[in-house]
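Undergrad: What follows is the residue order along each chain.
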Amino acid sequence: MRIDELSDLPDSVLTHILSFLQTKDSVRTSVLARRWRYLWAYVPTLDFDGENKDFINKAMLLHIVERVNTFRLLLDKDYSFHDYPLDTWTAFAIMRRVQNLDLCLRFQVALPRRLFTCKTLVHLSLTSCGAIPKSGAVCLPSLKKLHLIRVRYEADESLPYLISSCPVLEELLIESIMHLVSCIISSPTIKWLTVQFQFNRYRSYSHDYRLEINTPALIYLNIVDGLSEHIESGPLSSLTEAYVQVHNDQEKQDDFLYSRSVLEFIDRLRHIKCLKLDLFTDAQKRIKRWMEPQQAPGYLLSRLRTIQLFTIQREIVRYLLRNATVLEKMVVVYHCALNFEERKYFLHEISAFERRSEVCELAFVNLLDWDFDGEL
Amino acid sequence: MAAETGTPTTLTLKSNDDELFSVAESAAILSVTIRNMVEDGCAGGVIPLDNVDGKTLASVITYMNGISAIPADEEKKKSYRDKFLSDKDFETLADMVLAANYLNMSCLMDAVSAKIAQVMEKKSVGWVRRKFGIENDYTPEEEAAVKEEHKWTFEGVETDDDN
Numbered sequence: 256m257r258i259d260e261l262s263d264l265p266d267s268v269l270t271h272i273l274s275f276l277q278t279k280d281s282v283r284t285s286v287l288a289r290r291w292r293y294l295w296a297y298v299p300t301l302d303f304d305g306e307n308k309d310f311i312n313k314a315m316l317l318h319i320v321e322r323v324n325t326f327r328l329l330l331d332k333d334y335s336f337h338d339y340p341l342d343t344w345t346a347f348a349i350m351r352r353v354q355n356l357d358l359c360l361r362f363q364v365a366l367p368r369r370l371f372t373c374k375t376l377v378h379l380s381l382t383s384c385g386a387i388p389k390s391g392a393v394c395l396p397s398l399k400k401l402h403l404i405r406v407r408y409e410a411d412e413s414l415p416y417l418i419s420s421c422p423v424l425e426e427l428l429i430e431s432i433m434h435l436v437s438c439i440i441s442s443p444t445i446k447w448l449t450v451q452f453q454f455n456r457y458r459s460y461s462h463d464y465r466l467e468i469n470t471p472a473l474i475y476l477n478i479v480d481g482l483s484e485h486i487e488s489g490p491l492s493s494l495t496e497a498y499v500q501v502h503n504d505q506e507k508q509d510d511f512l513y514s515r516s517v518l519e520f521i522d523r524l525r526h527i528k529c530l531k532l533d534l535f536t537d538a539q540k541r542i543k544r545w546m547e548p549q550q551a552p553g554y555l556l557s558r559l560r561t562i563q564l565f566t567i568q569r570e571i572v573r574y575l576l577r578n579a580t581v582l583e584k585m586v587v588v589y590h591c592a593l594n595f596e597e598r599k600y601f602l603h604e605i606s607a608f609e610r611r612s613e614v615c616e617l618a619f620v621n622l623l624d625w626d627f628d629g630e631l
Numbered sequence: 601m602a603a604e605t606g607t608p609t610t611l612t613l614k615s616n617d618d619e620l621f622s623v624a625e626s627a628a629i630l631s632v633t634i635r636n637m638v639e640d641g642c643a644g645g646v647i648p649l650d651n652v653d654g655k656t657l658a659s660v661i662t663y664m665n666g667i668s669a670i671p672a673d674e675e676k677k678k679s680y681r682d683k684f685l686s687d688k689d690f691e692t693l694a695d696m697v698l699a700a701n702y703l704n705m706s707c708l709m710d711a712v713s714a715k716i717a718q719v720m721e722k723k724s725v726g727w728v729r730r731k732f733g734i735e736n737d738y739t740p741e742e743e744a745a746v747k748e749e750h751k752w753t754f755e756g757v758e759t760d761d762d763n
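So the protein sequences, as listed, match chains U and X.
To convert a position in the first sequence, counted from 1, into our numbering, add 255.
To convert a position in the second sequence, counted from 1, into our numbering, add 600.
Calculated from the structure, these hints are not laboratory results.
Just so you know, even glycine gets a beta-carbon here, dropped at the ideal spot from N, CA and C.
Take these hints with a grain of salt, some might be off.
Stated by the list, open to error - Beta-carbon label-pair distances, calculated as ranges:
{"hint": "1", "chain 1": "U", "residue 1": "Cys394", "chain 2": "X", "residue 2": "Asp617", "range": "50 to 58 Å"}
{"hint": "2", "chain 1": "U", "residue 1": "Ser431", "chain 2": "X", "residue 2": "Ser686", "range": "34 to 42 Å"}
{"hint": "3", "chain 1": "U", "residue 1": "Ser267", "chain 2": "X", "residue 2": "Asp689", "range": "56 to 64 Å"}
{"hint": "4", "chain 1": "X", "residue 1": "Phe754", "chain 2": "U", "residue 2": "Leu316", "range": "16 to 24 Å"}
{"hint": "5", "chain 1": "U", "residue 1": "Val377", "chain 2": "X", "residue 2": "Ser668", "range": "38 to 46 Å"}
{"hint": "6", "chain 1": "X", "residue 1": "Cys707", "chain 2": "U", "residue 2": "Leu316", "range": "49 to 57 Å"}
{"hint": "7", "chain 1": "X", "residue 1": "Asp640", "chain 2": "U", "residue 2": "Pro471", "range": "58 to 66 Å"}
{"hint": "8", "chain 1": "X", "residue 1": "Trp752", "chain 2": "U", "residue 2": "Pro367", "range": "19 to 27 Å"}
{"hint": "9", "chain 1": "U", "residue 1": "Asp309", "chain 2": "X", "residue 2": "Arg730", "range": "48 to 56 Å"}
{"hint": "10", "chain 1": "X", "residue 1": "Ser668", "chain 2": "U", "residue 2": "Thr495", "range": "42 to 50 Å"}
{"hint": "11", "chain 1": "U", "residue 1": "Cys394", "chain 2": "X", "residue 2": "Asp640", "range": "35 to 43 Å"}
{"hint": "12", "chain 1": "U", "residue 1": "Arg368", "chain 2": "X", "residue 2": "Trp752", "range": "26 to 34 Å"}
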């Protein structure tokens, strides 16, 4: 069969194509031709981006299909949403066995509680909403992917409570912890973890920030943490790839404890093959009381082949060179604020460090010349 | 088997215009339709694919080989898909989406569907009709009525003369 026009495709294919459009665009195809009149109402996706309440209600009333695979709602910042019947809309999606739910609420409407007991949800993405409950019924038995972006929590316990209610969770992304002080991520099933905590100057800094990861099945880790003074992790024996940016610029309560917590964390990465470690703080601020384990275990970093290291902390360079047994390449990217004399001295010092791996090549690069998109 | 002998198993696929193609089993089972045939033991000889022509099948196989060579990295897979579809015209895309539907290959189906949908995004009714050769079979009165009924969806759309 030769396809000359879009209308020749079968209904199931056309509704699949329409499912990639926002609902507004999809409804408008009714006007194309008779064939298209009611097609949109069979599309298993409802995708609203800034439409008003009447529009959303109308689309839901006219929507025929018994399943809604994807429900996406992004509130426009110009509206006032206090009268949004979000609870009813969520109920509508849940009754139609929604699998992917994506809400961006700009903190205008509270999250309906019924969301947290949806049995069919596979992917949940929450942006600028709240709050995640700390108690009560929370059970998401099918959830595999959870994205929490600028989300509010009732309390520190909310996050571990939510995670423990997702028995098959595989991917977790947390961006900005808002009012949390300690962030505890504990799950036997998570494989991909991305955590991004940047320091926000609108909030006051607390020495109590801590990040705790207990995820033995992890294979991919991406951490940007400019907050925690304490990082702790359980075994990460399946982890092969890690991007770690730990650069807490704040005056720490105890440099000594901080450096130990960072090193102990790195020690947990012992099975990885490729590591990008960014410890840049303010160019002049080095950790003064650096502490490292006296006896590194024999298997420490035993598979690590490449490291990109963003630091001016020579102790960490020395530690990694001395302990990584099969290292092939270490690239030390130094801060552009170092003057000529400081660079010379830094380079001179690190090239003299003992290298456990004889084949290890050492490169020394200015941050300004660094190609961030380049392959490791 | 493949693991024991060290040589990858190859399947032979036949298009509806009788062209034969060899493809590694590991790549071909991206198609759930083919995977089911393999699992049911029907893949010993030639696998006939009655709904796909040779030209489309060749293209699908290029995709199968390309995407299965990329390790589990969604970003890289996505950029491969974008590149693979970038030079395809609508006719080819329509053939591919039908083939992907028949072969039950969700990743290709989604990529092609998204690509076609992207072309329709925020476009006027007249523009979409012209672009995809859709014949307007409404009477002028009917069309006016349907338009009135869907007035609520026409905000922020690119306009043209016969919107």
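Undergrad: Checking each numbered hint in turn, tell me which of them this model violates, lowest number first.
TA: 3, 5, 6, 7, 9 and 10
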